[in-house]
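K.L.:
The residues making up each chain are set out below.
2 protein chains.
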Amino acid sequence: MVTFTRERTENGVTERLFDLTVAGERVPAVIWSPEAGRGARPLVLMGHGGSQHKKIGTLAARARQYAQRLGYATLAIDAPGHGDRISREQAEKLAKEVGERVRGIGGTGGPSAELMKTMAERAQRAVPEWKAALDAAQELDFVGKSDAVGYWGVSMGTAIGVPFVASEPRIKCAVFGLAGLRAGATALEQAANAITIPVEFVFQWEDAVAPRETGIALFNAFASKEKTMHVNPGGHVEIPNFEGGSWLSFFARHLGMVKAHTPA
Amino acid sequence: MVTFTRERTENGVTERLFDLTVAGERVPAVIWSPEAGRGARPLVLMGHGGSQHKKIGTLAARARQYAQRLGYATLAIDAPGHGDRISREQAEKLAKEVGERVRGIGGTGGPSAELMKTMAERAQRAVPEWKAALDAAQELDFVGKSDAVGYWGVSMGTAIGVPFVASEPRIKCAVFGLAGLRAGATALEQAANAITIPVEFVFQWEDAVAPRETGIALFNAFASKEKTMHVNPGGHVEIPNFEGGSWLSFFARHLGMVKAHTPA
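Chains as they are written, first to last, in the working numbering: chain E, 1 to 264; chain P, 1001 to 1264.
Keep in mind that a hint or two might mislead.
Label pairs and their in silico Cβ distance ranges [said to hold, decoys possible]:
no., chain 1, residue 1, chain 2, residue 2, range
1, E, Q138, P, R1069, 33 to 43 Å
2, E, G144, P, G1256, 35 to 45 Å
3, P, D1135, E, G39, 53 to 63 Å
4, P, A1061, E, K145, 34 to 44 Å
No wet-lab data here; the hints were simulated from the structure.
The beta carbon of each residue, even a glycine, is placed where N, CA and C say it ideally should be.
Just chain E, same shape as in the assembly:
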């Protein structure tokens, strides 16, 4: 049973905060949905990037757009070691570290063995948290057990999302990106091999975090019959705006729209 800790409505979209407890730890969550919307509707789970949090601007803007234009609900949670799960000082330190990696400071040779281990552990912890969040969301009367559930997550949202989506049959389509498959990343490779749902994979051609060949390797590893890779020039944080339109079309194509929903 979900208890909302805060609720506010703006431009026809209601944002509700709640907390989950998973393996004894608090996992803060947020869900956006059309104001006064009732009954089952498509749900998109959005995984934020490294050093970001569940309500980061670009993610929240997309959630509001999906509610307004498609009638969807969108769910986000703070990843392990992120958002409201760490102090402000820790968040600032993390932002600095991730910022340097994204700008290629410290070389583009890829993450250290220690960092890869941290990331793999984080992904492992996040999977049951996402499952618990999806369970909770599907109990809500304005979400329901619609089988139209999608996942969106790039960068760390892909590192966590690939193992999550591979093990979660309720997810029907996924947007991934800004991540690659390096030699030795066996768990990520096996998870990608287990994914058969439609995938849209966005990749930046000059990404200091994920070299071209690793991006192609991850795209190739998905077992999906329908998968599409969008390559654009530029660095890790330079996905062109028009990809946002493509993601919206992708979800609308696979999850449908809410009947009788009037786009704002």
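Once you have looked at the hints, place chain P on chain E.
P.N.:
Okay, now just chain P, sitting in the frame of chain E:
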């Protein structure tokens, strides 16, 4: 001054046939536009594929859709050695040859030196034909000299389109695809290097005609700041339907829509 040889209207779209004479040779052309539409509007030039012709089903369907949904005019011409410029027997022989290449019969080692020479000559001949066709179209009262002109062409439509677009400043954005840059194709490489307009490049990952590395090489050769490559699984003739939606969005984004046009 253009004289139409045939004209017919169906579902709100008028299709008009006309002939151009370029370098002493007849170049058959077709233009689709919204019924009773007058005044300047965006124009898309569509180059058909090898062994196809200016009114091939998929191309004509897209032209009608653009007229209905965006208010556009679409122009197509028969490429040298194609369509109404050859006999039915020649067309059947050509379709057989191209069909075998597309299915990888004869190996995927790439076209012979002779075939590459034929293709390069064809592209060279086609460039002034496209310029003459664009000149003629811009004299029409339902097209006008709008500076919103785009190009669409994959496979042979890219082999011809890249040199044409590189030399034609009236073209503001282009969709290319199903083609690659092979070692020694200097003219194609130089033309691609000269293209700076937004490009959407669609590529099939198991294309018997264009191996992956040649597709990536052609994408890399475009000098455009905005360029995006869409990679999908499958062979030369298996572009997924959803790419059609992406092309429509691409043109709408760069060429706009006709004001006061009511989508059908």
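K.L.:
Compare the structure with each hint and give your call.
P.N.:
Verification of the hints:
1. E:Q138 with P:R1069: 33 to 43 Å: Hint holds: Cβ distance 36 Å, inside 33 to 43 Å.
2. E:G144 with P:G1256: 35 to 45 Å: 40 Å, holds
3. P:D1135 with E:G39: 53 to 63 Å: At 57 Å between Cβs, range holds.
4. P:A1061 with E:K145: 34 to 44 Å: Holds, at about 39 Å.
Comparing the model with each earlier hint shows no violations; every hint is respected.
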